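**Q** Hey, can you piece these two chains together into the complex? The hints should help.
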Amino acid sequence: MSATQTTIITYLGTPIFGICLSLVVFLFGQWLFKIGKGFFLFQPLFVGMVLGIFILWLMAKMFGVDVTWFYTNAYKPGGDIIFWFLNPATIAFAVPLYKRNDIVKRFWLEILLSLIIGLFISLFIIYGVSKLIGLDNNGIASMLPQAATTAIAMPISDAIGGTPAITAMACILNAVLIYALATWLIKLFHLTEPIGQGLGLGTAGHTVGSAKAIQLSSVSGAMAAIAVVIISIVVDVVVPTFANLMGIAH
Amino acid sequence: MADKSNTTQAETKDAPILIQMGIFAGVLFVSSLISPMFPPTFPVPTPVIGLVLLYLLLTFHIIKVEWVDKFATFMIGMIAFLFVPSGIQLTASLDIMKAQGVQLIVAIIISTVVLLVVIAYTTSFFIWIRKTVFHGDISVSETVDKK
Chain A
1 MSATQTTIIT YLGTPIFGIC LSLVVFLFGQ WLFKIGKGFF LFQPLFVGMV
51 LGIFILWLMA KMFGVDVTWF YTNAYKPGGD IIFWFLNPAT IAFAVPLYKR
101 NDIVKRFWLE ILLSLIIGLF ISLFIIYGVS KLIGLDNNGI ASMLPQAATT
151 AIAMPISDAI GGTPAITAMA CILNAVLIYA LATWLIKLFH LTEPIGQGLG
201 LGTAGHTVGS AKAIQLSSVS GAMAAIAVVI ISIVVDVVVP TFANLMGIAH
Chain B
1 MADKSNTTQA ETKDAPILIQ MGIFAGVLFV SSLISPMFPP TFPVPTPVIG
51 LVLLYLLLTF HIIKVEWVDK FATFMIGMIA FLFVPSGIQL TASLDIMKAQ
101 GVQLIVAIII STVVLLVVIA YTTSFFIWIR KTVFHGDISV SETVDKK
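Top line first, the protein sequences correspond to chains A and B.
Residue 54 in the numbering used here is what sits at position 54 of the first sequence, and the numbering runs on without skipping anything.
Residue 122 in the numbering used here is what sits at position 122 of the second sequence, and the numbering runs on without skipping anything.
Chain B with its partners taken away, still in its complex shape (with noise of 0.2 Å):
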């Protein structure tokens, strides 16, 4: 068994870069058409649409994950530089932070971390009752479990 998932790792080869970037491209452009169908009231922006929609080509196995792998990682790998220019637009803010910027800067620095705590602890706390109340299997490997 060990020898055969190794043998069909091997045999699994990453698409060429450039059909990687294709495939995003394409579902980037799908995602653009679909983002305004949304009304103003109920927004959809084009990147969360994209990340349904290529998670739903994975699920369903109409892509194979090495198509798209290597670049997901890659692009993945350079978020935190791809966000530098958001943090530097803070530069027309400056205005609004001269006015009441200290109140609103603390107001955001709790936020972060409520949103943090709060959510993740919420999550403990039903992990907890499926553990206690309806005996459920919580163990959560880092490796995938092959059933």
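In isolation and in its complexed conformation, chain A is listed as follows (with noise of 0.2 Å):
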């Protein structure tokens, strides 16, 4: 290890800087979000994310050491702790779902069949849509878990022969995508129905997806909450019999 190296770990390794940066990067998101009167590409999450990588590219340059290596020993202490929180965050959507039962009740048959039979369409369009773009196996593997959580899709990718790392990477994408884009996209495909926009924004989205949704309505909310559960359920089991039919897995 040079010189340079044990500096930045004594200096920066605590998980101080990895919080500091955070929110640095998320506050001047909000701040630019305010000032943009709410243009799409200044959403804080999104706004947060590119500057973030930003400066730690430019930091891991100015140092001169690897951008991947930078990021483990600086940052990584300091957003695992931001990230754990996810973890009470997401148990968190037991409350509006449970606000909302009511709606679980009348329509359980219909979410159920919805997300089972959507998913199935979806995979074909994703299926179809990556072998056009010139993905090869290993790709369309790695893109099609992505509606569970990371934490099902990584595995399972692994198991049909994609690249956790990229179905990871799509999933923080859905995520950030969809509550930059949710209510263009909303507007843009008349989803005005609360039931299928929540159920839509929670698998497309996942839990960021829900916490969009509730912001659209209490319907919507627990929707998104309920899909985020079962999708990942069904991506369990779907998806692996999914590869085999179309013979990516190996």
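Please keep in mind that the hints were generated in silico from the structure rather than gathered at the bench.
Note that this is a predicted model, so its numbers are computed, not measured.
Don't be surprised by glycine CBs; every beta carbon is placed ideally from N, CA and C.
Hints may contain errors.
Unchecked claim - Only pairs whose alpha carbons sit at most 30 Å apart, straight line, appear in this in silico DSS-like list of lysine-lysine:
hint, chain 1, residue 1, chain 2, residue 2
1, B, Lys-64, A, Lys-187
2, A, Lys-76, A, Lys-34
3, B, Lys-64, A, Lys-99
Claimed, not checked - Which bits of chain B does chain A cover? Going by a derived footprint, with three or more residues having C-beta under 8 Å, they are:
hint, segment
4, 42-50
5, 80-90
6, 103-112
**A** So this is what it looks like as structure tokens:
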């Protein structure tokens, strides 16, 4: 290990650097979103992500160390602490779901059928599109499990011959994209029916999509929460079968 | 009737925030014990089990909603920020993006839109079937129907 690396670990290796950087880029994003009058590319999460990656890349170049090494040793200790709190935040969605139990009791069959059949249709389209773009079997296999949360999608991706890191990237970008574009997409495709809207946001945007759905309506939020749970379990079962069917798993 | 519901509303008090956090921690702990019981071919992560567990506890009235409501709302409001490290995690994937990044990102953007739109349209289709074939009630109000 070089002297620069030792210095970096001494001064930036504590969690506080990662926490401060996350806060600074996110707060900057919020400020930009406010003065940009809600321009969709200025969503705090999107700005925070891009700016954070840029700052880490710039610092790594300045110190003359590898970007991935710098990320792992300087940012990750703090980032992991914030990341851990996604656990209780995910559990928290039980509350909006419980509050709209009336909808769950009336529409449970539609919810279940829509998620299973909707996922099957989506898988065919994603497969076709990936093939059309020119991804190889490894790339296609990495795209298929992205409807599940990262912790489920990654091992499935590995099992069907994909690259878990690419699948994780897909899950993360899903969330960031949905958070930034949801309002616009809902208008563009006229997704005004709250149950379908919620299930769609929960499936495509995971927990972040659910947070967006709650801002739209309580029904939408509850449906997004139930989608996160059910779609993950459906992906567990359906995606390996689908991959075998299409002959992309080895 | 309206008066009665108002008084019950006033009587229900939020639990102290530490107790709310305690309930979350407890649910999370139990979930983390359940999660490894699933086989590696059928992974179910801790937060998903926790969501189901807390939902069941609420549905069977073992814990009251006002014992967890405030902390839950706070955590959900924080989600966009909590996701920042996941986004920045992509720094470690810059190498993958260099290799076939454009294709992958295009595929991911299209997949995201496909998932949202297809699931939403499929649901609308099934709700349309309930309405036209079974003549079911499809009205969804923003306030909870008390029956």
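**Q** If a hint holds in the structure, say so; if it doesn't, say that too.
**A** Results for each hint:
no., hint, result
1, B:Lys-64 to A:Lys-187, "violated (37 Å)"
2, A:Lys-76 to A:Lys-34, "holds (29 Å)"
3, B:Lys-64 to A:Lys-99, "holds (11 Å)"
4, 42-50, "holds (count 8)"
5, 80-90, "holds (count 11)"
6, 103-112, "holds (count 10)"
Violated hint for the displayed structure: number 1, the only one.
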